[in-house]
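Asks: For the protein sequence lines, the chains are A and B, in the order given. Position in the first sequence (from 1) plus 340 gives the number in my numbering. Position in the second sequence (from 1) plus 28 gives the number in my numbering.
It should be emphasised that the hints constitute simulated quantities derived from the structure, not laboratory data. Some clues are possibly wrong.
What the hints assert, rightly or not - The calculated lysine-lysine pairs, modelled on PhoX-like cross-linking and capped at a C-alpha distance of 25 Å, are:
id, chain 1, residue 1, chain 2, residue 2
1, A, K491, B, K40
2, A, K500, B, K30
3, B, K31, A, K491
4, B, K92, A, K500
5, A, K500, B, K108
6, A, K493, B, K33
7, B, K108, A, K493
Claimed, not checked - Sample of chain B residues with no beta-carbon within 12 Å of chain A, all distances over it, derived:
id, residue
8, H34
9, S36
10, E37
11, K40
12, A41
13, L44
14, A45
15, K48
16, E91
17, P111
All residues carry an ideal CB built from backbone N, CA and C; glycine is no exception.
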Amino acid sequence: MKILSGTGFALMVMALALTSPVRAQAVAAASTAVREQSWQVAGLSAPADILIDHWGIAHIFAASARDAFFLQGYNAARDRLWQIDLWRKRGLGLLSKSLGPAYIDQDRAARLFLYRGDMDKEWDAYAPNSRTWVAAFVDGINAFVAEVRSKDKPLPFEFKLTDSLPDTWKADDVLRIRSHALVSNITQEVARARVVCAAGLNADRLRRKIEPAGHNMAVPPGLNPCDVPANVLKDYLLATKQVDFNALAAKEQRAQLSPENELAAAIDAQSLEGSNNWVIAPSLSATGRPILANDPHRQLGAPSLRYLVGLSAPGLDIIGAGEPALPGISIGHNDDIAFGITIFAIDQEDLCVYELKKGDPDSYRYKHGWERVKVVREKIEVKGGASRDVELRFTRHGPVMAVDAANHRAFAVRTVWNEPGLSGYFGSARLLTARTWDDFKAAGNAWGAPPLNIVYADVKGNIGWAAAGRAPVRKNWDGLMPVPGDGRYEWAGFHGKDVLPSRFNPVEGFFATANEMNLPSGYPNEQNRIAFEWTDRSRIDRINELLGAKGKMTLADSMAIQTDAVSTQSRRAVALLGSLSSPDAELSHALALLNAWNHEEGTSSTAAAIYEVWATKHLGRATVARATPEAARKLVGDAHLAAVIDYLEHPDVALGADPGAARDAVLLESLQAAVAELKQLLGPDMTSWAWGRLHHATFEPAVAVLADPQLRAQMSVGPLETPGSASTPRAQAYRSTDFSVITGASVRMVMDVGAWDNSVAMNTPGQSDDPMSAHYRDLFPMWAQGSYVPLRFSRAAVERDAEDHIRLTPAAR
Amino acid sequence: MKKLKHESELFKAALLAGVKYAEGRKAVEFEATDSASDKALYVYRLLVHDKVIAPMPEDQVSEKTIRHRLATWYAHQLPKGHPLTE
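Make a model of the complete structure from these sequences and hints.
Replies: So, in structure tokens, the structure goes:
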């Protein structure tokens, strides 16, 4: 063959070593040919275009907002049909119909948390055009599903693996599903009740840090914490978990976790999820314009939880990231403003404990009488078998989770999910057309769930922040423990719009959030009781340190902060070791490495490996073993590292007569245990230890367990070594059993406000959920390196970077 | 790796289409002495490079897997009801 010169590919063929993903990526961008396609789409009103850029980002240009949302749904199905179909079936409790009887319990649990209120009130709670937009979005999904079902478009092979087909959607489906939104704190309430039952309130102090400081927890009068069984949240955890295909793959079910361990695992998973965002004012920006950065830290995997997309139509110009099953975006910008989100920890859940009437378990005590449990009977269709009749029980507060017949107790969840206007992230519909700070504030005031810190920047140079979310009014308790459901503890409505804090054009010239306790000094939280459980300050302290360090910040500076791997938490923990020594040579060497460390958790860092294994696997447990009553130790487990470090900085007599000496012994013993574990993991030569040898990213979709080995390999992404941890701005929280990264920033965005085409983004491992697509894993190596791709906005810029142009015309129905 | 029905025929058609694509793109001129496996390897690499198809894990790239990959790519482009996909 004769290789022709002048093409990027000619260079590649001459050096066939260019086949690793990283280097192949480098040459791929050289290709400038645009593939043209013409599709006819039933349901589209007027001709439109989808331009797909080199990085798989779809930019939709339509003749009307209705068509833009229609094509958002159509395009989401084009790129993510398996993912969004599974999202809907999981949320509505329809898995058994497609996948078989192994999912009946999960379906029943999911149905307990569907919105069951008045749908007109529900629709009225969102932006005025919401109903039209959602209907169009769903019509677009259904148009693509129809093409798949008629074999005009290929059926994604995941459906073949599961012998299932995609369903058609109704607009109400999008809003009725609530269980994808991150709300809290019911798992903490149950875990706390269990600890308090075992050993009293003080035993809980290492399990979870309470903020603001000075709050005194109390057991709500009338509650017996020992009434709360370990498995009370079984249905809640089932309703909120992702779909697991092991039941279809294995002949035998895997061993189940104990209820205590299942609860602890859920709390761990929730506490690892978070986000960073910040805004920089023109006065501190090298561009002279605001910069807005956001990187949400959620479960990492393949495909990405989120999807980048642009929608352009008369009156609507937006680009950014959202969950692909939802219309619009939740992070991004329009022509005038940019917005980004992190979780703000409003307590939106409570566990209610009921006394049941003896001889009538469907009656519970309420005030001076007895109320009947409402029983809803539903039929669950089951693939390959008879449908199953199930009963769903509800008290006046919410779905019944468990009944303890022997002790005449029942337990129900009260959650904001039951209220109109609480569909997760759909409050962002108001942000899409916001033009000013006042519009933005109005959108924030109407926001329901999840509770958020929303940062703001506009093309006029203003920046700001607003906490947002439906906040229950608890007049007589703090929300940290379950409460009797007999009428003594009722939500007295929700806080009004002026109660949550906000700032406009802060004097510092920047504002950042990272899920930390950020109620302003003097905020009356003891009165308002917004929340008492927050993420530790490690990420926010480092972000503020970097934002405050330079005179003028560039976009690249924000990218560097998003991928910064310095742990300020480790500074505090290692400072405790500062004066300690050991006659043991290995321990002495480990101490020296830690004390000389710059606290950057790079992949080649030995000190980072020692710190992470010590801090996350040994320090907490060793402290609990000394400072927590024996009856509660197992329940407190590895404890909350932020609480442990606080405690070790100020040890008390729970450690013994000489708390300082006992603290030092805990530190050295736990560090020695970490060194011993690292010898097992990485060998005896400490100089060869490196954080990247342990800490890695490997993503595999859940359905891959059904694939043959070659297909499974095609679906798997990674492994690649990654820096950072849960305590660094580059959040890369990992599973302690194998150090595999499980949560972090799948999406990163840095927006140049007003010069929008300069903005950049990342979405790992790629935009598509089809492992055969070129955009399934193409962004993964760049993500691991901390690189970004352009996030073009203007049509001219998009056309310059386009690799596919799909021309769409209306088809006869 | 589950073999496709009509995989051999699909591969032959895929190779023809791939050669046409590569030459039409002016990346290469194949010669009569080029073997089918050389052409298939080249076409596979070019399609990956152009992001028409996704790369396989490099340790799994072999003549057999390339034939399967190209056959799968071609099958996806056939209209519904085509005899090779029935």
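Asks: All hints are to be evaluated individually against the structure, with a verdict given for each.
Replies: Going through the hints against the structure:
no., hint, result
1, K491/A with K40/B, "23 Å, holds"
2, K500/A with K30/B, "13 Å, holds"
3, K31/B with K491/A, "21 Å, holds"
4, K92/B with K500/A, "23 Å, holds"
5, K500/A with K108/B, "17 Å, holds"
6, K493/A with K33/B, "19 Å, holds"
7, K108/B with K493/A, "9 Å, holds"
8, H34, "16 Å, holds"
9, S36, "18 Å, holds"
10, E37, "19 Å, holds"
11, K40, "18 Å, holds"
12, A41, "17 Å, holds"
13, L44, "15 Å, holds"
14, A45, "14 Å, holds"
15, K48, "14 Å, holds"
16, E91, "14 Å, holds"
17, P111, "14 Å, holds"
Violated hints: none; the structure is consistent with every hint.
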